[in-house]
Amino acid sequence: MTEQIAPKEQSAQSEANTAARRSRRLPPSTLIMAAGLLFLAIVPPLAYFTGNEFWLSIFTRLTILSIAAVSLNLVLGYGGLVSFGHAAFLGLGAYAVGIPVHHAINGEFESIATTNGLFHIPMAVGVCALYALITGAISLRTRGVHFIMITMAFGQMVFFAIVSIETYGGDDGLTIYERSSLPAISLDNPLTLYAVCFVSLLLALYLVHRIVNSRFGMVIRAAKGNEERIRALGFNAYAYRLLAYVISGSMCGYAGALLGNFTTFISPEMMDWTRSGELMFMVILGGAGSLFGPVLGASVFLLLEEVMSDFTIYWHLPFGIMLILAVLFVRGGISGFADRLLGAKRDD
Amino acid sequence: MTEPLLRVQGLQKRFGGVHATDDVNLNVIPSETHAIIGPNGAGKTTLISQLSGQILPDAGKILFDNRDITRLPAYQRAHVGIARSFQITSLFMDMTVQDNVALAVQAHQGHSFRLWRPARSDDHLRAPALEPLKTVGLHERADWTVSELSHGERRQLEMAMALAVAPKLMLLDEPMAGMGHEESMQMVDTLKSLGDQTILLIEHDMDAVFALADRISVLVYGRIVATGTPEEIRSNDEVRRAYLGEAA
Ligand SMILES: Nc1ncnc2c1ncn2[C@@H]1O[C@H](COP(=O)(O)OP(=O)(O)OP(=O)(O)O)[C@@H](O)[C@H]1O
Ligand SMILES: [Mg+2]
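From first to last, the protein sequence lines are chains A and B.
What the first sequence shows, in my numbering, is residues 1 to 348, in sequence order.
What the second sequence shows, in my numbering, is residues 1 to 248, in sequence order.
These are computed hints drawn from the structure, not numbers from a lab.
No experiment lies behind these values; they were computed from the predicted model shown.
Among the clues, some could well be false.
Said to hold, decoys possible - Have a look at the derived ranges for each label pair, beta carbon to beta carbon:
(1) B:140 with A:27: 20 to 26 Å
(2) B:140 with A:321: 45 to 51 Å
(3) B:143 with A:206: 53 to 59 Å
We treat Cβ as the ideally placed atom computed from N, Cα and C, and that holds for glycine.
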């Protein structure tokens, strides 16, 4: 019966907020996204044409990890579901390329042996959708720390399963001797590969944007803050979350297929739980629940990784500490921070 | 006598040693406002939660519209026509007022697995969401974020969300909790304006209860000790002793 009574003084400030909301001004986060995407459209090709192929490859990795982070953001940022096993989707997606190519070159398993990308991609997406459906159906019955632990456990299960399959290199990994072949596109050309990854990132962002603003998305977002109420209103929160989890996993699997084509060497290490943790950090660091946040998070992550690994081979520790500080003290991640910074300046 | 809309038979719920619901029998007739009064900890919220499905009873039956809903999951009870409001305001805090009601409207319309069209520009959601906001007098705050609202306004939004699903039965858990006198009066007027709406109302404010209720049940230690018209309850000796005290 004792409930907090909101102070009335809030009203004046609220009035101002309402006015700001009504104006058609683009929010800072939209501007940052536009600038970021413009940068990604121009700079990497420029780097390539000026002979800096190394930088192009960094950007390719960035776009691929960004797609994975954007997919995780759908469930983690918008849905409040802290999945600690998303690297498994990346791995499964990559092996959905690696395994058919392996058989195309070394024989056996004729039915799946192919270098055709039009087979690999649906395979990656389909396998991940199925894996997400099964593991999600079980994981989503739990909450909080239990959900974190069980998604991580499922991730480790896939990790050990792949380790145990000698045919595909087990622990040692698997070299992809031929990239996915696509009609009219050659992924062997680094610039083409980057273009494919960049366009894929654009599509992933657009897809998530549409989903989170749809009726479905409103339910997912509302359930994050107040699951009891969403159920009392008549929504089967479990079914909604399961579908979101399947969409997220499929998208991450697609990123995995790209990753396999990029690195041409895949190993169970890419689905280790620490990899899942890195994806989580990208999302939280960049701003969980903001559309472009995960891309910012992935950028900072890769940048720090490059810089710090130059200084010390023990870079994981200071890196981890920095990430934890950022997560604890920068509310809303980088994009929330930028919003407040730019928003405040513009109002002056 | 009219066929009851809601029939509760021999309902039991224990929390460890606490007998929160002790053999409750209760009928709610269509179009009536049925109030439940009782001291703190009597089991009023626990009873409502069993009717709306958040808590499952240990024993007993809940019949709604001649259908046994005792074990029906909470989200399905909304679809048979039961809506509830929460004693402790339960809203989507970082969404706007209109978003909150639009979600209720959306729940009522069903088929929400629409993944593509933007919900916020959907007139089939926005327009119907404004109606209940007008009813409770909150439509001018439609664009506000819930966290910006005052306590009283949040209570009004609670009510608007229950109204938005056009329920056959509204379960209201202390809709005036923590409100000032003026706001309470306004809420009483709102509830009066609902006319034929069937309501099961929990309320501590006795003026409001006597102004609104067609019938009153008194709940003490999980048991219903009396049911009757406001006059009967006012003059019932047992009720005076057990609950109303000097106030009556
Ligand atoms: N989830 C729970 N677990 C254990 N005990 C509970 C639980 N919910 C309620 N109780 C106990 O059951 C009894 C009835 O609680 P309930 O909240 O239903 O009372 P109420 O009549 O709504 O009281 P109030 O007027 O204070 O809202 C109380 O003794 C309470 O402590
Ligand atoms: Mg109560």
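Against the structure, the hints come out as follows:
no. : hint                         : in the structure
1   : B:140 with A:27: 20 to 26 Å  : holds, 24 Å
2   : B:140 with A:321: 45 to 51 Å : holds, 48 Å
3   : B:143 with A:206: 53 to 59 Å : violated, 26 Å
Hint 3 from the list above is the single one not met by this structure.
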